[in-house]
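Participant: Chains A and B, in that order, are what the protein sequence lines are.
So for the first sequence, the working numbering puts the first residue at 1; every next one is plus one.
So for the second sequence, the working numbering puts the first residue at 1001; every next one is plus one.
Note that these hints are calculated values from the structure, not bench results.
Idealized CB from N, CA, C, for every residue including glycine.
Take the hints with a grain of salt, since some may be wrong.
Cβ-Cβ distance ranges computed for the label pairs, FRET-style [as the list claims (entries may be wrong)]:
1. B:S1213 x A:L37: 39 to 47 Å
2. B:G1108 x A:V56: 54 to 62 Å
3. B:P1174 x A:L34: 47 to 55 Å
4. A:A62 x B:P1342: 29 to 37 Å
5. B:T1138 x A:H18: 29 to 37 Å
6. B:L1021 x A:H18: 42 to 50 Å
7. A:L34 x B:A1173: 40 to 48 Å
8. B:E1146 x A:F21: 16 to 24 Å
9. B:T1154 x A:P20: 48 to 56 Å
10. A:R82 x B:E1146: 35 to 43 Å
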Amino acid sequence: MALGLRLILGAATDLISHLPFGIGPLLAALTGPLATLLSIGTGAGLSAIIVALAWVRFRPLAAAALSAAAAAFIYVPAALARAHRDAPLAPRGARAR
Amino acid sequence: MPRPVTAIVMLLLSSACAQDLVRSVHYEYRPIARGRGGGGGVGGVVPGVGLSVLSGVLLWWNEGRAVRESRMLHRLLPSLVRLDADSPPDPTHDGRLVHLSGPLRASGLVDPEWGLQRQGVLRLRRSAEVYQWREERTETSQRVSEREVRREVTHRYRRTWGRVPVDSSRFEAPHGHHNPEPVLPVGDTTFTATDAALPGGIHVPAGLVAQLSDYAAVPLAGAGLTQPKHLPSAAITGVGTVSIPFQQRGAALSRPLPPGSPVQTTDDVLRQSGEAGGRTGSLTLRPAGAAASGETPPLPVLRGPPPAPEVGDVRLRWSEVASPAEGVSILARQGRRGELLPWSDEAGRGVYRLVRGVASAEEMVQQLRREERAKKWLARAAGCGGAAPRRSCRPYPHLSDLAPRAAQAWLSDCGSSSAPPPT
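For reference, chain B alone in the conformation it holds in the complex:
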């Protein structure tokens, strides 16, 4: 089976748009195949057999799993004990599956690194993002003759905020697109209340509370944020954003502010209650007296339009999950001291569920059934191979060469096709 020999005939690097675009053009020797029927040829037999066997195993395993899950869900309701959330835990129900509905209360959470305190919230998330270069690769191929294909690879570079640092040394063109090490770790840091409880005193562990995930942004003005000693240039630059310029790592804010930008401390903002008239221009961001008294200074507020970000800058945002006003509903096993633990049957299949709002046990079990059904059909579709990748229907390069338009139209139809479900 002759394989097409790839030869890079020409390499063209074009740096356009101030080095934000790098384009390389290759000419590959790829004659119109006479010995390729598609589907990977003879070499595709072994992977094909392996893939078919794996699909069969997946289908078999999925059905067994679905049966066990279905049995477990059928057994849930008869063994369930419905408890009143206002009542204290009853030791007679220890070890049994219980259902509870009621308001969930917690004292609140603190982000110790930044001094942010939020009363009564169940979850608090700090998201740190870095402004960095990102590379995007696009590739196009075009047959230029019976023997050659022109392949054009374009790398575009743009600056965006991201929660995962990008290693710029792996870029196609690292020069001019350097990403410095962020001044602090980027990503999400989540705090979950460990003292959440129902009115009757039943403790709701963090594993259940963590199932609430509808976050809302935290406004930062007046939230009590403090300035970390190792990041003296950090400042609140928006309703819910703290910006840390890269250039000022360990130094005072040195980037020139936009002309006329008023800068105030948090104390100033609170004192003047939003009234304009702060000091302008470059100034010491620490409030007078804070440093002298030895207290951790509050984070200053930069009013007006925030400065344009530069590569390496880091911004922080906080979001929280407040206690649902409509209460929560829980399915779990009651432990010895009234704590709620995961419940499981003999086969090891379990339930440990908290949902927002008041839902009956039947509704919660129905929801579990719906989720299980979705999982079952997803695995069936994967095993059947109905959602086969487009690549499996695109093994006819010679066909598209012979009749480009008709073939490509057919192939595009074929790529979106799917097999009927097995049942």
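The shape of chain A in the complex, shown without the other chains:
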């Protein structure tokens, strides 16, 4: 699963590497490891969801717990990435009015 996702995300890093003025390869070098981490995390989460679905019929409680863990596994990195992206917009010590 993770390997398949990494191959899919390879297209994105490939497109980034085409950016002009020499920043393409540099950005691709940065996004490549990120894509690897993302594919590993997402692959583990999706795998856990499939396992949970398979167990719904036989052990519903275990399946529900596993689904929650898988959702957290996928959601937490995305939330962290979003928080990281939004951070520079808000100056330190500033409060929303």
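Fit chain B to the given chain A structure using the hints.
Facilitator: Frame of chain A, contents of chain B only:
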């Protein structure tokens, strides 16, 4: 998406170390990629989608299989009948899953081709190996400029014993590394006792006996090995080895023996009970009288250091599984005449198990559960892709070109990484 054009600029064949090393150097035109982000690029999308779908199918199938296996193992114990191995088979238990523990006995086995007889053993294995050339290929790549990569391919040749014949015509340098056809088929030949039984008379079929696999070497001196007519040059050259020189196919031993090597027949060895003083030098290996009487002559014993092997030589070794002194334990279905057959549930999942030693039914079921758990997690890891090949983390040739040391250190870390388990 421009692909790097490969051009062989130079081909260098160097034959060093008496033709045991062939090295070729290629210079490939492979400019530092500007259009490769890694992961196979856009062309990797379709394989990526396919691989993800396959992984999902594998995970789904594995969970279903695990559930069925778990249910079957849960049902085992309540339906199980514990029998006494000393008692004769009871027809009332026909068709039921039974558990038995006790000593396993068999009359013994014979290797008919070589006349080796072993009393009381459950399995006998003859391993034939051929001394042959083997090719090893190593490849190294090194970027020499922004446009070229130097690729060095080295083929090494060495002689080793092997159980699978190697086709030397496919070698990079077949000349001087020819592997002749072995004088007899190489590989393993296994004999399994078909008359094994428990003390009560319950017959244990070969399918169960074959689950014992802890082999021990068979000493050959005095084991009754006979000389095959088509291999007159075969001789016992060690405690448990029969050597068949390639050059003497169908002829008497013609390779010069090491000076002072005593050669004795098996009869001589038995008669003199290990005492030195056999005949030396080249001699007729057949014992006097054996050929005249028409009996199959025993295999001669070559004492002293064995001659150095040559390509094409074949050696034979025997190993056996003796009846376990601690007995065996069995889980199987009792057939009509007391025979033991594979047991299976409605879903087709079955048990047919023999283990060494006395183990209770609960212990055997526990062992089955452990094995099933290992299989389940192995398939989960494969489906999750946590143990992804190193290649998946190594799609950044331009990165390693820009910052070789740091990048390679990171990539080596990345190659050994694994995803957390899904549950």
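Participant: Falls inside 39 to 47 Å, the C-beta gap from S1213 (chain B) to L37 (chain A)?
Facilitator: Holds, at about 43 Å.
Participant: For the range 48 to 56 Å, tell me whether the beta carbons of T1154 (chain B) and P20 (chain A) fit it or not.
Facilitator: violated (42 Å)
Participant: Regarding A62 (chain A) and P1342 (chain B), is the given constraint of 29 to 37 Å on their beta-carbon distance met?
Facilitator: holds (31 Å)
Participant: Per the hint of 29 to 37 Å, is the separation of the Cβ atoms of T1138 (chain B) and H18 (chain A) within bounds?
Facilitator: Holds, at about 35 Å.
Participant: Return holds or violated for the Cβ distance of E1146 (chain B) and F21 (chain A) against the range 16 to 24 Å.
Facilitator: holds (18 Å)
Participant: Taking the Cβ atom of R82 (chain A) and the Cβ atom of E1146 (chain B), is their distance within the range 35 to 43 Å?
Facilitator: Since R82 (chain A) and E1146 (chain B) have Cβ atoms about 39 Å apart, the given range 35 to 43 Å holds.
Participant: With 40 to 48 Å as the target window, see if L34 (chain A) and A1173 (chain B) comply at their CB atoms.
Facilitator: holds (46 Å)
Participant: If you check the beta carbons of G1108 (chain B) and V56 (chain A), does the distance land in 54 to 62 Å?
Facilitator: Given a distance of about 56 Å, which is inside 54 to 62 Å, the answer is holds.
Participant: Range first: 47 to 55 Å. Now tell me if the beta carbons of P1174 (chain B) and L34 (chain A) are that far apart.
Facilitator: The hint (47 to 55 Å, Cβ to Cβ) holds, given that P1174 (chain B) and L34 (chain A) are roughly 49 Å apart.
Participant: So does L1021 (chain B) sit 42 to 50 Å from H18 (chain A), Cβ to Cβ?
Facilitator: Between L1021 (chain B) and H18 (chain A), where Cβ atoms are some 44 Å apart, the hint holds.
Checked against the numbered hints above, the structure violates only hint 9.
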